[in-house]
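These protein sequence lines are chains X and F, in that order. So the number in the working numbering is just where the residue sits in the first sequence, counting from 1, plus 443. So the number in the working numbering is just where the residue sits in the second sequence, counting from 1, plus 443.
Since the hints were derived computationally from the structure, they do not count as laboratory data. For every residue, glycine included, the Cβ atom is placed at its ideal position computed from N, Cα and C. The reader is advised that the hints may include incorrect statements.
Partial list, derived from the structure: chain X residues whose beta carbon lies under 7 angstroms from chain F [as the list claims (entries may be wrong)]: (1) Phe704; (2) Ala756; (3) Thr757; (4) Pro761; (5) Leu763; (6) Ala764; (7) Pro767; (8) Ile780; (9) Ile784.
Derived lysine-lysine pairs resembling DSSO-like cross-links, with alpha carbons at most 27 angstroms apart [claimed, not checked]: (10) X:Lys881 / X:Lys699; (11) X:Lys783 / F:Lys580; (12) X:Lys783 / F:Lys699; (13) X:Lys791 / F:Lys783.
Per label pair, the in silico range of CB-to-CB distance [what the hints assert, rightly or not]: (14) F:Glu797 / X:Gly672: 17 to 25 angstroms; (15) F:Ala684 / X:Arg683: 16 to 24 angstroms; (16) X:Met548 / F:Gln546: 55 to 63 angstroms; (17) F:Gly779 / X:Ala885: 39 to 47 angstroms; (18) F:Glu719 / X:Tyr681: 19 to 27 angstroms; (19) X:Thr715 / F:Pro761: 50 to 58 angstroms; (20) X:Asn463 / F:Glu797: 25 to 33 angstroms; (21) X:Met548 / F:Gly513: 52 to 60 angstroms; (22) X:Arg683 / F:Ala459: 40 to 48 angstroms; (23) F:Met697 / X:Gly742: 54 to 62 angstroms; (24) X:Tyr545 / F:Glu797: 33 to 41 angstroms.
Protein chains: 2
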Amino acid sequence: MMTSDLAALTATDACARMANGEMTAEAYVAACIDRIKAREEEIQAWVYLDAENALDQARAADRQRTSGRGVGLLHGLPVGIKDIIDTADMPTQNGSPLFKGYQPMRDAGCVSALRAAGAIIIGKTVTTELATSTPNKTRNPHNPEHTPGGSSSGSAAAVGAGTIPLALGTQTGGSVIRPGSFCGVHALKPTLGLISRTGVTLQSHTLDTVGVYGRSVADLALITDALSGHDPCDPVSYVRARPNLTSMLARGMMTKPQFAFVKSPAWEFAETSAKESLAMIVDQLGDQVKEIEIPALNGIIQHHATVMGAENATHYGPLLARDPGGISPALTARIGIGGKILAVDYIKSLNARESIYADIEKILETYTALLTLSSPGPAPKSLASTGSHVFNGMWTYLGVPCVSLPLMQIGHMPCGVQLIGMRRDEARLLATANWFEKNVRAIRN
Amino acid sequence: MMTSDLAALTATDACARMANGEMTAEAYVAACIDRIKAREEEIQAWVYLDAENALDQARAADRQRTSGRGVGLLHGLPVGIKDIIDTADMPTQNGSPLFKGYQPMRDAGCVSALRAAGAIIIGKTVTTELATSTPNKTRNPHNPEHTPGGSSSGSAAAVGAGTIPLALGTQTGGSVIRPGSFCGVHALKPTLGLISRTGVTLQSHTLDTVGVYGRSVADLALITDALSGHDPCDPVSYVRARPNLTSMLARGMMTKPQFAFVKSPAWEFAETSAKESLAMIVDQLGDQVKEIEIPALNGIIQHHATVMGAENATHYGPLLARDPGGISPALTARIGIGGKILAVDYIKSLNARESIYADIEKILETYTALLTLSSPGPAPKSLASTGSHVFNGMWTYLGVPCVSLPLMQIGHMPCGVQLIGMRRDEARLLATANWFEKNVRAIRN
Numbered sequence: 444m445m446t447s448d449l450a451a452l453t454a455t456d457a458c459a460r461m462a463n464g465e466m467t468a469e470a471y472v473a474a475c476i477d478r479i480k481a482r483e484e485e486i487q488a489w490v491y492l493d494a495e496n497a498l499d500q501a502r503a504a505d506r507q508r509t510s511g512r513g514v515g516l517l518h519g520l521p522v523g524i525k526d527i528i529d530t531a532d533m534p535t536q537n538g539s540p541l542f543k544g545y546q547p548m549r550d551a552g553c554v555s556a557l558r559a560a561g562a563i564i565i566g567k568t569v570t571t572e573l574a575t576s577t578p579n580k581t582r583n584p585h586n587p588e589h590t591p592g593g594s595s596s597g598s599a600a601a602v603g604a605g606t607i608p609l610a611l612g613t614q615t616g617g618s619v620i621r622p623g624s625f626c627g628v629h630a631l632k633p634t635l636g637l638i639s640r641t642g643v644t645l646q647s648h649t650l651d652t653v654g655v656y657g658r659s660v661a662d663l664a665l666i667t668d669a670l671s672g673h674d675p676c677d678p679v680s681y682v683r684a685r686p687n688l689t690s691m692l693a694r695g696m697m698t699k700p701q702f703a704f705v706k707s708p709a710w711e712f713a714e715t716s717a718k719e720s721l722a723m724i725v726d727q728l729g730d731q732v733k734e735i736e737i738p739a740l741n742g743i744i745q746h747h748a749t750v751m752g753a754e755n756a757t758h759y760g761p762l763l764a765r766d767p768g769g770i771s772p773a774l775t776a777r778i779g780i781g782g783k784i785l786a787v788d789y790i791k792s793l794n795a796r797e798s799i800y801a802d803i804e805k806i807l808e809t810y811t812a813l814l815t816l817s818s819p820g821p822a823p824k825s826l827a828s829t830g831s832h833v834f835n836g837m838w839t840y841l842g843v844p845c846v847s848l849p850l851m852q853i854g855h856m857p858c859g860v861q862l863i864g865m866r867r868d869e870a871r872l873l874a875t876a877n878w879f880e881k882n883v884r885a886i887r888n
Numbered sequence: 444m445m446t447s448d449l450a451a452l453t454a455t456d457a458c459a460r461m462a463n464g465e466m467t468a469e470a471y472v473a474a475c476i477d478r479i480k481a482r483e484e485e486i487q488a489w490v491y492l493d494a495e496n497a498l499d500q501a502r503a504a505d506r507q508r509t510s511g512r513g514v515g516l517l518h519g520l521p522v523g524i525k526d527i528i529d530t531a532d533m534p535t536q537n538g539s540p541l542f543k544g545y546q547p548m549r550d551a552g553c554v555s556a557l558r559a560a561g562a563i564i565i566g567k568t569v570t571t572e573l574a575t576s577t578p579n580k581t582r583n584p585h586n587p588e589h590t591p592g593g594s595s596s597g598s599a600a601a602v603g604a605g606t607i608p609l610a611l612g613t614q615t616g617g618s619v620i621r622p623g624s625f626c627g628v629h630a631l632k633p634t635l636g637l638i639s640r641t642g643v644t645l646q647s648h649t650l651d652t653v654g655v656y657g658r659s660v661a662d663l664a665l666i667t668d669a670l671s672g673h674d675p676c677d678p679v680s681y682v683r684a685r686p687n688l689t690s691m692l693a694r695g696m697m698t699k700p701q702f703a704f705v706k707s708p709a710w711e712f713a714e715t716s717a718k719e720s721l722a723m724i725v726d727q728l729g730d731q732v733k734e735i736e737i738p739a740l741n742g743i744i745q746h747h748a749t750v751m752g753a754e755n756a757t758h759y760g761p762l763l764a765r766d767p768g769g770i771s772p773a774l775t776a777r778i779g780i781g782g783k784i785l786a787v788d789y790i791k792s793l794n795a796r797e798s799i800y801a802d803i804e805k806i807l808e809t810y811t812a813l814l815t816l817s818s819p820g821p822a823p824k825s826l827a828s829t830g831s832h833v834f835n836g837m838w839t840y841l842g843v844p845c846v847s848l849p850l851m852q853i854g855h856m857p858c859g860v861q862l863i864g865m866r867r868d869e870a871r872l873l874a875t876a877n878w879f880e881k882n883v884r885a886i887r888n
């Protein structure tokens with residue numbers, strides 16, 4: 444097998460090969476690093492990558508395996524870490540000059556969990572400025588004139604370029620699903636509270652959610668299983684059973700899935716080509732899909748914007764006050780606008796969430812998943828913006844799990860189909876996504 | 444024993460007499476009703492009282508006892524219910540013309556708990572307008588020219604007048620402890636989350652706390668034991684062990700208590716006579732008291748005001764919008780001011796709470812309780828205001844338990860000594876309060 448072929452394996456396949464002794468972690472990580480080197484000049488996905496450190500971790504993983512000691516769920520698999528997530532052995536620079544060279548004392552909770560599962564923390568991927576909308580240097584792996592999306596730009600681009608199998612992102616608006624859609628990557632933003640946020644730069648305590656990228660639905664299940672756990676330091680983390688997603692996925696769907704096609708208030712912002720492409724997907728589902736309207740979603744885009752704006756201004760306002768020159772004009776303006784939001788409006792928007800979700804949950808008793816676009820269209824041909832999160836913010840606000848599947852190709856650029864499930868039910872959502880990929884033909888438009 | 448003597452029993456003593464067969468619930472409730480009738484014209488503590496309904500409940504309690512069936516913790520004890528707490532068989536009028544004659548469908552969680560413990564729900568006590576600052580008709584039982592305090596005006600006045608042994612209040616600013624201080628009553632505002640708030644009119648979801656009045660520390664323990672419990676419908680209710688307060692009280696103090704005398708940022712608002720009186724209390728404690736400063740409390744009065752103002756405007760704003768004529772000018776102004784609070788300030792004030800509490804908790808590892816005034820002085824000679832909650836808002840904000848003991852008499856009016864404990868440790872706080880009453884002489888000034 445060629446080095447480039449090794450690098451192209453899914454995480455699940457790579458894991459199986461290493462378990463069978465067909466491949467060492469060192470060879471696998473070396474192949475990934477080679478591929479990164481080949482693509483990096485064009486894509487600019489990485490802000491920190493120490494090949495020797497990664498290979499050292501890989502060799503240690505190999506020694507552990509060959510000694511007969513137990514191995515973790517992600518043993519020997521390289522994972523890219525978005526640069527707002529703390530790592531004890533690499534800087535966390537938050538895409539901001541204010542954090543240039545900043546070296547955290549500890550790993551974030553999610554990085555600890557990856558290490559505990561035997562993963563190789565290969566490097567830090569580029570984020571937009573403080574994980575907001577101001578673009579950074581990364582380009583789309585499918586066409587460098589297009590944005591990769593943001594704010595998890597580097598993570599999505601690295602997986603989309605086929606350089607690494609797995610990466611972490613975070614979503615406050617649409618920062619996991621949108622770049623996943625733009626870069627043609629499988630992406631999961633899980634239920635708020637499934638994965639620890641301790642050690643992740645705080646932008647919005649109500650919305651910030653850690654998510655994952657992989658090369659298949661099974662990859663998403665694998666890494667999420669390793670990350671899922673209660674964290675008493677994170678106020679949104681919940682104490683509940685966390686079903687094993689990989690084994691639930693292997694069991695398959697227990698019933699014939701039924702999809703609710705939901706245009707949502709974001710539909711008016713979608714491009715015609717994307718609407719047409721999604722129609723070609725929906726058509727294939729026959730009697731297993733029904734278009735429904737959800738009146739409870741009216742106003743939800745504003746609720747999300749209010750919560751995000753107020754919390755963003757709260758958490759980044761002090762940075763701006765301390766060092767105004769270190770914050771971009773766009774983020775400065777955004778903090779200014781957020782700082783003017785009234786507490787009564789903020790509280791109303793917080794309080795509206797549970798009643799809206801109650802309606803969604805009721806719908807998801809009849810339907811297996813909601814189906815819609817992952818983004819208004821494919822990645823815009825521009826590096827001046829990371830695109831719109833209008834198809835994502837509402838689901839972040841509701842704290843529901845969302846998966847993006849790279850099933851559409853529109854004008855040579857990928858675009859995702861988004862499936863949305865019940866809170867705390869990643870198991871059914873991923874099983875449904877797997878069914879979807881096996882039964883629905885990808886389309887080109 | 445005379446009827447008037449019966450009515451003067453503590454709840455704990457009345458309970459014992461009924462258990463021994465020395466007194467029926469009917470005789471006890473009848474004595475309370477007689478005493479209410481004798482004092483009501485002057486005090487105006489009740490907005491709803493149906494003597495026949497109360498006597499029916501009492502007779503049913505007697506039948507249950509004489510039949511040999513099990514009885515509850517509060518079996519046969521009459522309890523007054525603040526008129527913002529829902530009762531399925533009596534109106535809840537919230538001290539507001541907007542709720543004139545409003546009959547709830549269900550009992551509030553705390554009323555259910557009282558009924559389950561065998562209590563007699565004797566009637567509804569007067570509250571200020573929507574439990575805010577606008578006074579209602581109640582007068583101080585120690586001098587009708589003075590305010591009883593608010594917003595639990597009727598509950599405190601009814602117990603202070605010796606008409607009933609137990610009553611429920613609620614505190615968002617200082618609405619349990621302040622009327623307790625002004626009416627010479629034992630009062631407990633427990634830890635936020637100890638007692639269910641379901642079915643209690645919502646003024647501030649972060650601050651609203653159900654509290655109790657009684658005739659002794661043992662009475663506070665008895666009724667709180669009956670009320671304490673997890674309520675999954677109340678987001679602040681906690682799932683933790685709830686020690687039995689009555690049995691902990693019977694066991695007594697395990698160590699010699701040490702008090703931290705805390706003037707707090709409220710001290711500048713205290714009257715000279717109250718400061719002098721508290722000094723006479725503090726002097727008696729000798730080496731068991733030390734005055735300490737808590738720098739973490741700087742700014743806390745504003746934090747409480749910000750959270751209360753914003754949440755108040757959120758929850759009462761829609762009432763004002765619907766029927767502007769039904770809200771007093773004072774409350775209208777308060778909603779207007781609260782509506783202008785910025786979300787960033789609100790979030791900062793919410794977030795400051797845990798770090799301030801961390802300092803308080805550390806102090807309470809060295810000291811058994813904090814000691815301060817329950818109010819800036821005795822009840823002001825005025826019916827135009829219910830007095831200031833400046834000595835209470837900060838503890839409500841921190842969610843810590845506070846007890847007021849009627850140990851001072853200043854110019855013929857009562858004034859309370861306030862003890863403050865750790866969150867979720869009513870047991871030590873009440874045992875400490877009991878020790879305090881046994882070892883510290885009440886003073887007249």
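Verification of the hints:
1. Phe704: Since the shortest Cβ distance to chain F is 34 angstroms, the answer is violated.
2. Ala756: holds, 5 angstroms
3. Thr757: holds, 4 angstroms
4. Pro761: violated, 9 angstroms
5. Leu763: violated, 12 angstroms
6. Ala764: violated, 11 angstroms
7. Pro767: violated, 17 angstroms
8. Ile780: Hint violated; Ile780 of chain X Cβ to chain F Cβ min 11 angstroms, cut 7 angstroms.
9. Ile784: holds, 4 angstroms
10. X:Lys881 / X:Lys699: Since the Cα atoms of Lys881 of chain X and Lys699 of chain X sit roughly 13 angstroms apart, the hinted pair holds (cutoff 27 angstroms).
11. X:Lys783 / F:Lys580: violated, 40 angstroms
12. X:Lys783 / F:Lys699: violated, 52 angstroms
13. X:Lys791 / F:Lys783: holds, 14 angstroms
14. F:Glu797 / X:Gly672: 17 to 25 angstroms: holds, 23 angstroms
15. F:Ala684 / X:Arg683: 16 to 24 angstroms: Since the Cβ atoms of Ala684 of chain F and Arg683 of chain X sit about 21 angstroms apart, the hinted range of 16 to 24 angstroms holds.
16. X:Met548 / F:Gln546: 55 to 63 angstroms: holds, 60 angstroms
17. F:Gly779 / X:Ala885: 39 to 47 angstroms: violated, 57 angstroms
18. F:Glu719 / X:Tyr681: 19 to 27 angstroms: Hint violated: Cβ distance 52 angstroms, outside 19 to 27 angstroms.
19. X:Thr715 / F:Pro761: 50 to 58 angstroms: violated, 41 angstroms
20. X:Asn463 / F:Glu797: 25 to 33 angstroms: Taking Cβ atoms as reference, Asn463 of chain X and Glu797 of chain F lie about 50 angstroms apart, which means the hint is violated.
21. X:Met548 / F:Gly513: 52 to 60 angstroms: Given range 52 to 60 angstroms: holds, Cβ gap about 58 angstroms.
22. X:Arg683 / F:Ala459: 40 to 48 angstroms: holds, 45 angstroms
23. F:Met697 / X:Gly742: 54 to 62 angstroms: holds, 56 angstroms
24. X:Tyr545 / F:Glu797: 33 to 41 angstroms: The hinted range 33 to 41 angstroms is violated for Tyr545 of chain X and Glu797 of chain F, with Cβ atoms some 25 angstroms apart.
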